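Peer 1: Just need the whole structure built from these sequences, with the hints factored in.
The residues making up each chain are set out below.
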Amino acid sequence: RQLPDVAPSRFSTDEDLNAFDQITTYNNFYEFGTSKEDPARYAPDLKTSPWDIRVDGECAKPGVLGAEELMASHQLEERIYRLRCVEAWSMVIPWVGIPLAKVLARFEPTGNAKYVAFETLEDPTQMPGQRSRVLDWPYREGLRMDEAMNPLTILGVGLYGRVMPKQNGAPVRLVVPWKYGFKSIKSIVRISFTVTEPATSWNMSQPYEYGFYANVNPEVSHPRWSQARERRIGEWGRRPTLMFNGYGEQVASLYAGMDLSKQF
Amino acid sequence: MADRTGKAAPRGRERRRAPVKDRVWWWAVFGACGAPLAALGLWAATGDLGVNPVETIVRHLGDWALRLLVATLAISPLRYLTGSTRPIRYRRMVGLWSFAYAVLHVTAYAVVDIGLHGPTMISDLTERPYIMVGMAGLLTLIPLAATSPQAMVRRLGGRRWKRLHRLVYVAGALGAAHYLMMVKADITEPMIYIALLVLLYGIRLGRWIVGRSV
Chain A
2 RQLPDVAPSR
12 FSTDEDLNAF
22 DQITTYNNFY
32 EFGTSKEDPA
42 RYAPDLKTSP
52 WDIRVDGECA
62 KPGVLGAEEL
72 MASHQLEERI
82 YRLRCVEAWS
92 MVIPWVGIPL
102 AKVLARFEPT
112 GNAKYVAFET
122 LEDPTQMPGQ
132 RSRVLDWPYR
142 EGLRMDEAMN
152 PLTILGVGLY
162 GRVMPKQNGA
172 PVRLVVPWKY
182 GFKSIKSIVR
192 ISFTVTEPAT
202 SWNMSQPYEY
212 GFYANVNPEV
222 SHPRWSQARE
232 RRIGEWGRRP
242 TLMFNGYGEQ
252 VASLYAGMDL
262 SKQF
Chain B
30 MADRTGKAAP
40 RGRERRRAPV
50 KDRVWWWAVF
60 GACGAPLAAL
70 GLWAATGDLG
80 VNPVETIVRH
90 LGDWALRLLV
100 ATLAISPLRY
110 LTGSTRPIRY
120 RRMVGLWSFA
130 YAVLHVTAYA
140 VVDIGLHGPT
150 MISDLTERPY
160 IMVGMAGLLT
170 LIPLAATSPQ
180 AMVRRLGGRR
190 WKRLHRLVYV
200 AGALGAAHYL
210 MMVKADITEP
220 MIYIALLVLL
230 YGIRLGRWIV
240 GRSV
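Chain order of the listed sequences is A and B.
Note that the first sequence ends on residue 265 in the working numbering; no numbers are left out.
Note that the second sequence ends on residue 243 in the working numbering; no numbers are left out.
Source of the hints: derived by calculation from the structure; they are not laboratory data.
One or more of the hints may lead you astray.
Under the rule of at most 20 Å between Cα atoms (straight-line distance), these lysine to aspartate or glutamate pairs were calculated in the EDC-like manner [unchecked claim]:
1. A:Lys48 x A:Glu123
2. B:Lys213 x A:Asp39
3. A:Lys263 x A:Glu236
4. B:Lys213 x A:Asp137
None of the values given here were measured: they were computed from a predicted structure.
Peer 2: Below is the structure:
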C-alpha cells in the first residue's frame, strides 16, 4: 500500500539506493529464522493490524499507541539513510518514518527518564524463529534519551513510499542510522522510559562483542569482523567505513568526553 | 574385454582399462563431488548468487570443504558397516575434492571478499580466532594432499603414510570448530557437523578398543 503525503527530508543522502528486492530479501530478523532469506519467507503471515504499542515507565502520560493512529497523526517523512550491519555489509534505504522525538513527546517523559527501552513482539505462533532460543526473547533494544531525541532517529513505518514490508519490521520499527543495524529494533510493541540503562538483546547474548552504544566505529574491531571496511550490497569491493556511519556531524557531540573504545 | 577381437588391436593402455562398473562408480563419485562447484558456476553465470554474491560464494565453498571432509572421514566406518571395500577406493578422490574446496574457499575470501587488502588479512590472521583455526585446518590438509599420489605412498612407506594421514582427524575438528566460532547465535548447523564427527571418531575409537582387548 502506497503511503500518502510523504515529505522529503534534508537528512536524506543522495547516494544510489539499494533495490527494493535487495532490502526485502536479505534480512536479519531472527524472530523468523536465522538465515537472511527466512524473514521474507515467514514474515508475510505476521498480523500487523491492529497493532498496539504500550508506552510506560518514567512519563506523565503512559498509554497505548496504535500503529494506524501513529501514521495518521504525524507528517510522514522520507529518510534515505545508510544502514551499516555489524556483519560489515551496508545498504542505502529510503525509509518512511516519523521523528521519534515527536512521538515520545506525546507521553511527556519526566526528568527521571534517562533511557528509552524497546521490545519486539513475542509470539512464537506467528514468529517461528522464537521457537528456538537463539536469543533471549523478546528482542530488546534501548537508547539514551538524547540519542532517542536526536532528529536523525525515526520510527520507521514504510519503505520506498509504501507501508513497511513485514520482513523489515512492520508495522513500526526503529531506525538509528549511525548505529549498527541491530540497534534498529523491529515490530515494536513496547516503549518504556527508564532511569537505568536497559538490557539489550545482543549485549545480553555476547557482551564482549556487542556493546550498548553500538555506534558504527571503524576503530573498534568486532572480535570476528574487522569494522574498518564494508561491502555496500550490490558492489564487489569494500569501501572504508565512516565513523558514526558518516553521521558524525549530527551525532558526534552526543559522545563528547566518552571513551568510545570502552563504551562501544 | 574378450569382445574386442573384431576391432582394431587395442593399445596397451586400453587393455588395462578398469571394468565398466568401476568407471561408472568413479564418475558418479567425481560428479557428486564436483556438482556443488558446477552449481556455483551456473548461479554465477545466471546472476543467481543472491543479494550478497560474495558471501554466497565464500560460504558455499566452505560448506562443501567441510561436508566432503566429513564424507572422507565417513568412508572407513562405511566399510566396517557394509563390509564393502568399494568406498575405500574413492576416499582419496573425496579427500582431494574437500581440499580443493578449502583452497577455493580461502582464495575467494582473500581475493574476492577482502580484495587482497593487506591490513585486513594481517588483522584477520592475527586477531580473529575463527580465521586462525580455519587456516590451521587448511594447513593441516596440505601435507595430506601433497602425499596423496601413489608414488608418495610408496616413498613414505605404508606405516608412515598412514600415521601422517591421521592428521585428517585434526583437520576435521578444526574445520568444524572454525564454523562453530563463526556463527553469531544459531549453532544448530555447526553442531550437526560436530555430532557427525563425534560419531565417526567414536566408531573408530570403539573398534580400536575392541581390537586391543581381543
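Peer 1: What are the numbers of the hints the structure violates, in ascending order?
Peer 2: Of the numbered hints given earlier, the structure breaks just one, which is hint 3.
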